[in-house]
Amino acid sequence: MKKYFALATAFLAFNAGAFAQQAAQKPPAAPPVPVTPATAPAHITLEEAIRLALQHNHALQAVRSTILISQADEITANLRPNPTINWDSQFFPLFHPDQFNSDYLENQAQFDLGIGYLFERGKKRQHRLQAARDQTAVVRSQETDSERQLTFNVSQQFIAAILAESTLAFAQQDLDSFQQTVTISEERFKVGDMSEGDFLKIKLQLLQFQTDVSAAQLAKVQALAALRQLLGFDSVPDNYVCDGELKYETVRAGLDDFKALALRSRPDLTASILGITAARSQEALAEANGKRDLGTSFNYTHTAGTSSGAFFFNIELPIFDRNQGNIAHARYAVTQAQEQASEASEQVLTDVTDAYENLRTNDKIIQLYEGGYVEQAKQSRDISEYAYKRGAASLLDFLDAERTYRSNQLAYRQALAGYMSAVEQMRQAVGTRNLP
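In the numbering used here, the protein residues as written are 152 to 587.
Among the hints, erroneous ones may be present.
[Unchecked claim] Subject to a maximum C-alpha distance of 30 Å in a straight line, what follows is the list of computed DSSO-like cross-link-like pairs (lysine-lysine):
1) Lys-529 / Lys-354
2) Lys-398 / Lys-529
3) Lys-515 / Lys-398
4) Lys-515 / Lys-529
5) Lys-341 / Lys-354
6) Lys-529 / Lys-352
7) Lys-352 / Lys-341
8) Lys-410 / Lys-515
9) Lys-442 / Lys-274
10) Lys-515 / Lys-275
11) Lys-398 / Lys-410
Please keep in mind that the hints were generated in silico from the structure rather than gathered at the bench. Model, not experiment: these values are computed from the prediction.
Go ahead and model the full structure; you've got the sequences and the hints to work with.
Right under this line is the structure:
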C-alpha cells in the first residue's frame, strides 16, 4: 500500500512540475484594452467661427497671396539696370594660318573689352517703387474687405445653423407633447369616449409633427455643412456644434452715427481712395518714363602692340516718342479712380441706409411678438389642450390651437434669426463689428 502511495505521489509531483514549466513558458496575458469613449462634439461660438474662417478659409488665403505678389512686384520695381559687358577679337589670319603666331597676335591682331551701364533719368526707379507700394496698399485694403465679406457670410450661416438647431429642438418637443395627446386619445377611443374618425384625425396630425422634425434635421445638417466649408473643412470635426442661441439685443445708434462710422471704417472705400493715390503714382511714373535714359560705356582696346581706352555715350532724342500716350492714359486713370471712389462712397451710404431700415423693420417685428403674441399663442394652446383632454373642447378647436401655436413659435424663431441677421448686415455695412 505504501508502495502504491509513493508511486502516486511521484506521478503527481512529475505532472505538477510539467504544468509549472508550461505555465512558465506561456506568455503573459495581454492587458485589457481600454475602451475609449466617443469624442465629445466641439462647441463653436460665433467669434470662434469667425476666427477659424479668417485663419483657414481657402478663398481668403488665395486673396491674401495677392499681397505677397504685390510685394514681389515692389522688389522688381526697385531693381537697377544691369551693366553690360562686350568683347571682340579682330584681324585674325584665317586664310593664312602660317602667320598665326604669338608675334602676330601681339603686334597686328586687335582685342576689345568694354563695359556699359544705362543711367535712368527722371528718377524712374523711385517712381516705380512708389507706384508698386501704393498698389500694395490698395491690395491690403481689398484683402481687408474680403475679410469683411467672409465675416458676414460666416455670421449669416452661423445664425442659420442655430436657427435650425432651435427649430429642431422645438419640433422634437412639440412631437413628444403631441405624442402624449395621441396616447390619451387612443385610450379614449378604446373606452368609447372618442369616435374612430376623430382618433384618425389626431393620428394623421401626428404625421405633420414627424415631418417637421425630419425637415428640421435636414436643415441643421445642411446649415452645418455650409458653415464648415466657410470655416475650412479640416478646422472643425465632423460632429461640431454651434454654441449660440437666438436672442434679441437692442441697437440704439441712429442712422447718422452709422453713416459716419462706415465712412471711417469701410475697407472697400479705403481701397477706392488709395486707388486714387496709386493712379497718381502711375501718372508720375509715366511722366518719368518720358525722359530718355543715358547709355554709357568704356572700351579697352589692344591693337598693334598698343593699349588704349575709349568712352562712349548715347541718348535717344525725344523728337517723336515722348511717352505722350501713356501719360494721357495715366491721367484719365486718375479721373476714373476719383469717380470710382465717389461711387464707392455713395454705395457705402446706400448700404448703411438699407441695413438700418432692415434693422428697424425686424426690430418692430420682434416687438410685436414679444409684446404678447408669443405668450398668447401658448396660453391658447394650453387652454385648448386642457379642455380637450377633459372633453370640454372639440377636436377641431384643439387642432386649430395647436397649429396656431406651432406656426407662431416657428415664425418667432424666424423673426429672431432675421433680427440677428439684420444686426450682422449692419456690421457689414459699417465695416466693423463694434457698433455704436
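For each hint, the structure was consulted:
1. About 22 Å separates the Cα atoms of Lys-529 and Lys-354, which keeps this hinted pair within 30 Å; it holds.
2. The suggested pairing of Lys-398 with Lys-529 holds, with an alpha-carbon distance near 19 Å, which does not exceed 30 Å.
3. About 15 Å separates the Cα atoms of Lys-515 and Lys-398, which keeps this hinted pair within 30 Å; it holds.
4. Using a Cα cut-off of 30 Å, the hinted pair Lys-515 and Lys-529 holds, with the two alpha carbons roughly 21 Å apart.
5. A threshold of 30 Å between alpha carbons decides the hint, and for Lys-341 with Lys-354 the separation of about 14 Å falls inside it, so the pair holds.
6. With a CA separation close to 22 Å, the supplied pair Lys-529 and Lys-352 stays within the 30 Å bound.
7. The suggested pairing of Lys-352 with Lys-341 holds, with an alpha-carbon distance near 15 Å, which does not exceed 30 Å.
8. Proximity of Lys-410 to Lys-515 is assessed by CA-CA distance (about 22 Å); at most 30 Å being required, the pair is judged to hold.
9. With a C-alpha separation of about 9 Å, the suggested pair Lys-442 and Lys-274 falls inside the 30 Å cut-off, and the hint holds.
10. Distance check on the hinted pair: Lys-515 and Lys-275 sit about 61 Å apart at the alpha-carbon level, beyond 30 Å; violated.
11. Under the criterion of a C-alpha separation no larger than 30 Å, the hint pairing Lys-398 with Lys-410 is consistent with the structure, at around 26 Å.
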